[in-house]
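So the sequences go chain by chain: A and C.
Numbering-wise (numbering that gives the first Met the number 0), the first sequence opens with residue 0 and increments by one.
Numbering-wise (numbering that gives the first Met the number 0), the second sequence opens with residue 0 and increments by one.
It is possible that some hints are incorrect.
What the hints assert, rightly or not - One side only, chain C facing chain A, incomplete, derived with CB under 10 Å: (1) GLU9; (2) ALA10; (3) CYS12; (4) GLN69; (5) ALA225; (6) GLN255; (7) GLY256; (8) GLU258; (9) TYR262; (10) THR266; (11) GLY269.
By construction, these hints were calculated from the structure, which means they are not laboratory data.
These figures come from a predicted structure and were not determined experimentally.
Ideal Cβ placement from N, Cα and C applies to all residues, glycine included.
Protein chains: 2
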Amino acid sequence: MSQALELISEARCFGGWQRSYRHRSERCGCDMRFAVYLPPAAEHTPVPTLYWLSGLTCTEDNFSTKAGAQRYAAALGMALIMPDTSPRGLALPGEDDAWDFGSGAGFYVTATQAPWAGHYDMYGYVVEELPALVESNLPVQAGLRAISGHSMGGHGALTIGLKHPDRYRSISAFAPICAPMRSPWGRKALSAYLGDDPTTWQQYDASWLAANQPSAQTLLIDQGTADPWLAEQLMPEVLEEACASSGQPLELRRQQGYEHGYYFVCTFIGEHLEFHHAALTGA
Amino acid sequence: MSQALELISEARCFGGWQRSYRHRSERCGCDMRFAVYLPPAAEHTPVPTLYWLSGLTCTEDNFSTKAGAQRYAAALGMALIMPDTSPRGLALPGEDDAWDFGSGAGFYVTATQAPWAGHYDMYGYVVEELPALVESNLPVQAGLRAISGHSMGGHGALTIGLKHPDRYRSISAFAPICAPMRSPWGRKALSAYLGDDPTTWQQYDASWLAANQPSAQTLLIDQGTADPWLAEQLMPEVLEEACASSGQPLELRRQQGYEHGYYFVCTFIGEHLEFHHAALTGA
Numbered sequence: 000m001s002q003a004l005e006l007i008s009e010a011r012c013f014g015g016w017q018r019s020y021r022h023r024s025e026r027c028g029c030d031m032r033f034a035v036y037l038p039p040a041a042e043h044t045p046v047p048t049l050y051w052l053s054g055l056t057c058t059e060d061n062f063s064t065k066a067g068a069q070r071y072a073a074a075l076g077m078a079l080i081m082p083d084t085s086p087r088g089l090a091l092p093g094e095d096d097a098w099d100f101g102s103g104a105g106f107y108v109t110a111t112q113a114p115w116a117g118h119y120d121m122y123g124y125v126v127e128e129l130p131a132l133v134e135s136n137l138p139v140q141a142g143l144r145a146i147s148g149h150s151m152g153g154h155g156a157l158t159i160g161l162k163h164p165d166r167y168r169s170i171s172a173f174a175p176i177c178a179p180m181r182s183p184w185g186r187k188a189l190s191a192y193l194g195d196d197p198t199t200w201q202q203y204d205a206s207w208l209a210a211n212q213p214s215a216q217t218l219l220i221d222q223g224t225a226d227p228w229l230a231e232q233l234m235p236e237v238l239e240e241a242c243a244s245s246g247q248p249l250e251l252r253r254q255q256g257y258e259h260g261y262y263f264v265c266t267f268i269g270e271h272l273e274f275h276h277a278a279l280t281g282a
Numbered sequence: 000m001s002q003a004l005e006l007i008s009e010a011r012c013f014g015g016w017q018r019s020y021r022h023r024s025e026r027c028g029c030d031m032r033f034a035v036y037l038p039p040a041a042e043h044t045p046v047p048t049l050y051w052l053s054g055l056t057c058t059e060d061n062f063s064t065k066a067g068a069q070r071y072a073a074a075l076g077m078a079l080i081m082p083d084t085s086p087r088g089l090a091l092p093g094e095d096d097a098w099d100f101g102s103g104a105g106f107y108v109t110a111t112q113a114p115w116a117g118h119y120d121m122y123g124y125v126v127e128e129l130p131a132l133v134e135s136n137l138p139v140q141a142g143l144r145a146i147s148g149h150s151m152g153g154h155g156a157l158t159i160g161l162k163h164p165d166r167y168r169s170i171s172a173f174a175p176i177c178a179p180m181r182s183p184w185g186r187k188a189l190s191a192y193l194g195d196d197p198t199t200w201q202q203y204d205a206s207w208l209a210a211n212q213p214s215a216q217t218l219l220i221d222q223g224t225a226d227p228w229l230a231e232q233l234m235p236e237v238l239e240e241a242c243a244s245s246g247q248p249l250e251l252r253r254q255q256g257y258e259h260g261y262y263f264v265c266t267f268i269g270e271h272l273e274f275h276h277a278a279l280t281g282a
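Kindly generate the complete structure, drawing on both the sequences and the hints.
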């Protein structure tokens, strides 16, 4: 049975539709929201999809309103699927105590520790529940997916993409948390959601995956050199070394003088959409 | 003597710089903020400028983050100057009581009524103080200006542009308040800032100006047909009639199905920048 999607808002944009939906999530045990951009081409034929995973504190709105991606998606004929970054409103103890943990900081894992287990499953939500919902309700081509994201969402895109080369044709990221087992943000989240045994964290660490389970797909990554989180939290050099060790293809572009935010993302998002479009269409 | 500009933030964007500044405003009698986008070309040669006036509740950030205009400005070699929409933090009685009046709702007039007179002079600020400040401190071509805006800011762009054909080469607007003397938003603001005599409101009404003081410049206006404020507040048909009566050139484009917000603005902002670029460069 197709799950119910409730349309929350819609607006015309570049000849297509920008929409937001709410639905009951089984994986997260609460209502979840996501945003969609459908290009003009989707009125006539199912289109391929790019899943975008956002960063700490974000909702489905940040990328929708700030990245300027609809223009490229309209021209290329791609749908954009933009989930929220965590369950919301569960009133779990500690859920809203910190900006970098809990609400807005699901870290794209399946939590195993109380009180998060059973709700904080953004991994299962993004990999399985959301695509099934999208592909049974919206005019997209089933199975024709790419994945990208920013910061915490870049970590999500890399780890999910590396683990599921069968489910995503292409993978990219902006300023991703490349080695969460070593970064303060990552260690805080992984220990709370998964417990103290670091071997359970490995499947959620892009650098560990790239070293130990490389895929044939090229990872396209843009990283600003003036990003204030670069050295302490993001650590692209760790991923670079891991890829070199295993032969994982990587195109890491250090963008001179760019920062961490959406003025950086909007500058290069067009090139990422072209990269994904080529992989999705064989162009 | 050049006034002091304090740099609040800056970020690389499309090869140029997105910046925000704070400065003491004589017109408004308080500190004011504005945002600037400088295209890559400004590193080598002074560039023409587009002034963008935002709508109710907005600050200098809304257009900066949501319109996606930097991409076009970078390609065309134009600077964007984006002021706030009112004085802030004056603690005047009633300043923060309503979303459509006071803070965030300066309406681009020179207030004559207490307690607003001496502070709420967004007209003088936009027309004289801000350009003087910009042209003495930033790498722009003095006197080579265009003006545009959205909603309340569309009203500002049309009225300021019509009154000063010598100061602006071209004028455009998105979903402007075309006849503020007839709209509830306009009547509330004009009566409070200017008093009860409607003859003092005429210089701030685009339809009155177009009928009585037409200019030779074509007004380019985009208006979404699904805009919820269209009939009650915006009234493009009143401006259309005024332009027809006086011979004021008008290109009013009714965009089918588009709403009022930035998903509408971002769709057509590229065409507006091209329109202004042609007027500014004689291309």
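Hints, verified against the model:
{"no.": "1", "hint": "GLU9", "result": "holds (9 Å)"}
{"no.": "2", "hint": "ALA10", "result": "holds (4 Å)"}
{"no.": "3", "hint": "CYS12", "result": "holds (4 Å)"}
{"no.": "4", "hint": "GLN69", "result": "holds (7 Å)"}
{"no.": "5", "hint": "ALA225", "result": "holds (7 Å)"}
{"no.": "6", "hint": "GLN255", "result": "holds (8 Å)"}
{"no.": "7", "hint": "GLY256", "result": "holds (5 Å)"}
{"no.": "8", "hint": "GLU258", "result": "holds (5 Å)"}
{"no.": "9", "hint": "TYR262", "result": "holds (4 Å)"}
{"no.": "10", "hint": "THR266", "result": "holds (5 Å)"}
{"no.": "11", "hint": "GLY269", "result": "holds (8 Å)"}
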